[in-house]
Each structure stands twice: as structure tokens, then as C-alpha cells.
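Colleague: Single-letter residue listing:
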Amino acid sequence: MAQSLQNKLDHVHRLIKANPYLELLGAEAEVIEEEVIVSVFGAPHLVGNINLPALHGGVIGSLLGFAATAQVVYTNNLHASPRLVNIDIDYLRTGKPIKTFAAAKVVRQGRRVANMRAELWQAERTRTIAVARVQFLLDQ
Amino acid sequence: MLPSLELTASLNWVIKSMSMFLKSLKELPPFGEALGMILEEQDQGAGVAVLLPGHGRVSSSDQGGIFHSGAILATIDNTAGWCIRDHEDYIEGTSMATLDLRVDFLTSAALSETLRVRAICDGFDGSLAFVRATAEVVASGVLVATGQATFMLGTPNNPANV
Chain A
1 MAQSLQNKLD
11 HVHRLIKANP
21 YLELLGAEAE
31 VIEEEVIVSV
41 FGAPHLVGNI
51 NLPALHGGVI
61 GSLLGFAATA
71 QVVYTNNLHA
81 SPRLVNIDID
91 YLRTGKPIKT
101 FAAAKVVRQG
111 RRVANMRAEL
121 WQAERTRTIA
131 VARVQFLLDQ
Chain B
1 MLPSLELTAS
11 LNWVIKSMSM
21 FLKSLKELPP
31 FGEALGMILE
41 EQDQGAGVAV
51 LLPGHGRVSS
61 SDQGGIFHSG
71 AILATIDNTA
81 GWCIRDHEDY
91 IEGTSMATLD
101 LRVDFLTSAA
111 LSETLRVRAI
121 CDGFDGSLAF
131 VRATAEVVAS
141 GVLVATGQAT
151 FMLGTPNNPA
161 NV
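Chains as they are written, first to last, in this note's numbering: chain A, 1 to 140; chain B, 1 to 162.
In isolation and in its complexed conformation, chain A is listed as follows (with noise of 0.2 angstroms):
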């Protein structure tokens, strides 16, 4: 049981090792009860706004992106990224160049589609930076 749930979370390792870009985010992942978390240190490049400063919205925009992708991986135990088909980002609070969380839970998933919600976070998990819907194809 626990070699398999190792097995899984390799995949989304590979997945990290596997997308240059992802690796240029500094992303990484943990699985605690079943829940893929990801996260990024808030490395000075990920940063979009200099003054305040302020994350790029593209920097969240991909973590919860990937938040999804790394769960749809992880429950179905796929060896490749699903097609994302699209992602509707709301933004909530400032993003700060800190430490940040992100975590997507299936809504529903069919045979061929994946709808998810995702969330990001920092210091507290109860106050949301971001959300998102996220649709992946799966039967490509």
C-alpha cells in the first residue's frame, strides 16, 4: 500500500522533472492525505509587480494550474500530463513573494473529462490568494 502510494507521487515527480518550466517556477509537491500540494518558493524572479511586490499573475495562474494537473495524475495514476483545455483564474488577494501553496480537488470526473477546483494559498490556508476551474481531457 504505501510502496503504491509512493509510486504515485513519482509520477508527479517525473511530471516536475519532465516540464523545464516547472522546474524554472521551483515547483514542488507532497501528497498528505490523498491531497497533492504544491508549492513554489517565492523566488525573486517569479516576481510581477516590483513595487508592492507582488507575484506575477502568471506565476499563480500556472501553480494552480499545476496544482490540478499534479492531482489529476495523482489519483489516476497517469504516467503523462492530461490536455488542459482551459482554466478561468479568479484573483483574490495579493500574492506576496513568500512561500505558496496549491491544491485542486476533482469536481467530476467522467471517462473523457476532468472538471477541478483549485486553490492557492501562503501563510494561511484559509486566506485564499486565488481560485480556479480547471477542465483537463483526459482520453488523448
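Simulated from the structure, these hints should not be mistaken for laboratory data.
All values reported here derive from a predicted model rather than from experimental measurement.
A hint or two may mislead.
Unchecked claim - Here are the computed distance ranges between Cβ atoms for each label pair:
#: 1; chain 1: A; residue 1: Asn-115; chain 2: B; residue 2: Ser-112; range: 41 to 47 angstroms
#: 2; chain 1: A; residue 1: Glu-30; chain 2: B; residue 2: Ala-110; range: 28 to 34 angstroms
#: 3; chain 1: A; residue 1: Glu-35; chain 2: B; residue 2: Gln-44; range: 47 to 53 angstroms
#: 4; chain 1: B; residue 1: Gly-45; chain 2: A; residue 2: Asn-77; range: 30 to 36 angstroms
#: 5; chain 1: B; residue 1: Ile-38; chain 2: A; residue 2: Ala-43; range: 27 to 33 angstroms
#: 6; chain 1: A; residue 1: Val-106; chain 2: B; residue 2: Arg-57; range: 26 to 32 angstroms
#: 7; chain 1: B; residue 1: Ala-110; chain 2: A; residue 2: Gly-26; range: 21 to 27 angstroms
Said to hold, decoys possible - Listed below are the simulated SDA-like cross-link pairs for lysine to any residue, each with C-alpha atoms no more than 25 angstroms apart in a straight line:
#: 8; chain 1: A; residue 1: Lys-96; chain 2: B; residue 2: Arg-57
#: 9; chain 1: A; residue 1: Lys-99; chain 2: B; residue 2: Pro-30
#: 10; chain 1: A; residue 1: Lys-99; chain 2: B; residue 2: Ala-97
#: 11; chain 1: A; residue 1: Lys-17; chain 2: B; residue 2: Arg-57
#: 12; chain 1: A; residue 1: Lys-96; chain 2: B; residue 2: Glu-92
#: 13; chain 1: A; residue 1: Lys-96; chain 2: A; residue 2: Ala-43
#: 14; chain 1: A; residue 1: Lys-99; chain 2: A; residue 2: His-13
#: 15; chain 1: A; residue 1: Lys-17; chain 2: B; residue 2: Thr-114
#: 16; chain 1: A; residue 1: Lys-105; chain 2: A; residue 2: Arg-83
#: 17; chain 1: A; residue 1: Lys-96; chain 2: B; residue 2: Leu-99
#: 18; chain 1: A; residue 1: Lys-96; chain 2: B; residue 2: Met-96
#: 19; chain 1: A; residue 1: Lys-96; chain 2: B; residue 2: Glu-27
#: 20; chain 1: A; residue 1: Lys-96; chain 2: B; residue 2: Thr-94
#: 21; chain 1: A; residue 1: Lys-17; chain 2: A; residue 2: Gln-6
#: 22; chain 1: A; residue 1: Lys-17; chain 2: B; residue 2: His-55
#: 23; chain 1: A; residue 1: Lys-105; chain 2: B; residue 2: Pro-30
#: 24; chain 1: A; residue 1: Lys-96; chain 2: B; residue 2: Thr-114
As the list claims (entries may be wrong) - Incomplete in silico selection of chain A near chain B, CB under 10 angstroms:
#: 25; residue: His-56
#: 26; residue: Ser-62
#: 27; residue: Ala-123
#: 28; residue: Arg-133
All C-beta atoms in this analysis are idealised placements derived from N, C-alpha and C, irrespective of residue type, glycine included.
Use these hints to put chain B onto chain A, whose structure you have.
Modeller: For chain B alone, coordinates are given in the frame of chain A:
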């Protein structure tokens, strides 16, 4: 009547300083630099255009060496913001916050290509701006992604208030 040589010279000076001013408006944020975005300053089309050349750092190689969706999304977000600052009614210094951004990924694009992201501001008033954007392959014109974003203007530029 032709303008005098002196007037032409001073007009040129005004245009030159204005374009320098516009350029400073569009300084790349650190993440734009990290991705290798390039503002297309000579672009004659509508709105604002930004190029994203294919490169390892924007790639998703487990899907066969294509642009990562996140890199396309980030470029659309950046270009959308710039297109508001480029709007004729935008007052320099007004702060801006993205309320939402939706991106549809129509097809994938090979890393050997360069993408052009174009953002056009459809609605602009003192409080809100509405932008739509496209990402296409420069060489073929193939549409790769479309986006739509809403921005709030004039929010306090202070994280303590957000």
C-alpha cells in the same frame, strides 16, 4: 502650410521622449524576463503585442517539446496588463489589479516556434478594464490560445490594504 524646421525638430523631440516614456511603462517584470518575453515595439496591429520565443525554460517536454500552458498564460496575463497601460485614457501611476483571467488552450505549439500574444482593451473606464487576448504562432498564424481578463483600476498600491 509646411511646419517650420524648428517646429519639426521640437515635435520630433516630443515624440522621442514620449516613446521613451512609453517604453519605461513596459519594463519587463522579473518573471517576464525569466520567460524571455519581448515587447514588439514596431508592431502595427491593434493593442499590444509581445513575443515569446520557444526555449527550454518555457517547455513542457513530457508532452513532446511544446510550450507549457503556464508560460502562455503568464505571457497573456502580462500583455493584458500592458495593453491597459497603453490605453489612451490610462493615467500613469494608476494602480491595477487583475480580477480574473480565463485562458482556452486551442492547440499546442512546438518549441521551435515563436508565439505572438496580442491583447486588446475592449472596455475602459475609471474603475474597470476588459481585455481579450490571443496567442498565435508567428510563422503560421495558427491560433494557440485565447484569453479574457478583467482588471480593477485605482486600487491602493499597498499590500496591507488588499
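Colleague: Now look at each hint and say whether the structure bears it out.
Modeller: Hint-by-hint comparison with the structure:
{"no.": "1", "hint": "Asn-115(A) <-> Ser-112(B): 41 to 47 angstroms", "result": "violated, 33 angstroms"}
{"no.": "2", "hint": "Glu-30(A) <-> Ala-110(B): 28 to 34 angstroms", "result": "holds, 33 angstroms"}
{"no.": "3", "hint": "Glu-35(A) <-> Gln-44(B): 47 to 53 angstroms", "result": "holds, 49 angstroms"}
{"no.": "4", "hint": "Gly-45(B) <-> Asn-77(A): 30 to 36 angstroms", "result": "violated, 45 angstroms"}
{"no.": "5", "hint": "Ile-38(B) <-> Ala-43(A): 27 to 33 angstroms", "result": "violated, 22 angstroms"}
{"no.": "6", "hint": "Val-106(A) <-> Arg-57(B): 26 to 32 angstroms", "result": "holds, 30 angstroms"}
{"no.": "7", "hint": "Ala-110(B) <-> Gly-26(A): 21 to 27 angstroms", "result": "holds, 25 angstroms"}
{"no.": "8", "hint": "Lys-96(A) <-> Arg-57(B)", "result": "holds, 23 angstroms"}
{"no.": "9", "hint": "Lys-99(A) <-> Pro-30(B)", "result": "holds, 17 angstroms"}
{"no.": "10", "hint": "Lys-99(A) <-> Ala-97(B)", "result": "holds, 21 angstroms"}
{"no.": "11", "hint": "Lys-17(A) <-> Arg-57(B)", "result": "holds, 12 angstroms"}
{"no.": "12", "hint": "Lys-96(A) <-> Glu-92(B)", "result": "holds, 23 angstroms"}
{"no.": "13", "hint": "Lys-96(A) <-> Ala-43(A)", "result": "holds, 10 angstroms"}
{"no.": "14", "hint": "Lys-99(A) <-> His-13(A)", "result": "holds, 19 angstroms"}
{"no.": "15", "hint": "Lys-17(A) <-> Thr-114(B)", "result": "holds, 23 angstroms"}
{"no.": "16", "hint": "Lys-105(A) <-> Arg-83(A)", "result": "holds, 17 angstroms"}
{"no.": "17", "hint": "Lys-96(A) <-> Leu-99(B)", "result": "holds, 16 angstroms"}
{"no.": "18", "hint": "Lys-96(A) <-> Met-96(B)", "result": "holds, 16 angstroms"}
{"no.": "19", "hint": "Lys-96(A) <-> Glu-27(B)", "result": "holds, 20 angstroms"}
{"no.": "20", "hint": "Lys-96(A) <-> Thr-94(B)", "result": "holds, 20 angstroms"}
{"no.": "21", "hint": "Lys-17(A) <-> Gln-6(A)", "result": "holds, 16 angstroms"}
{"no.": "22", "hint": "Lys-17(A) <-> His-55(B)", "result": "holds, 16 angstroms"}
{"no.": "23", "hint": "Lys-105(A) <-> Pro-30(B)", "result": "violated, 31 angstroms"}
{"no.": "24", "hint": "Lys-96(A) <-> Thr-114(B)", "result": "violated, 31 angstroms"}
{"no.": "25", "hint": "His-56", "result": "holds, 4 angstroms"}
{"no.": "26", "hint": "Ser-62", "result": "holds, 3 angstroms"}
{"no.": "27", "hint": "Ala-123", "result": "violated, 13 angstroms"}
{"no.": "28", "hint": "Arg-133", "result": "holds, 9 angstroms"}
Violated hints, in rising order: 1, 4, 5, 23, 24 and 27; the structure is consistent with all others.
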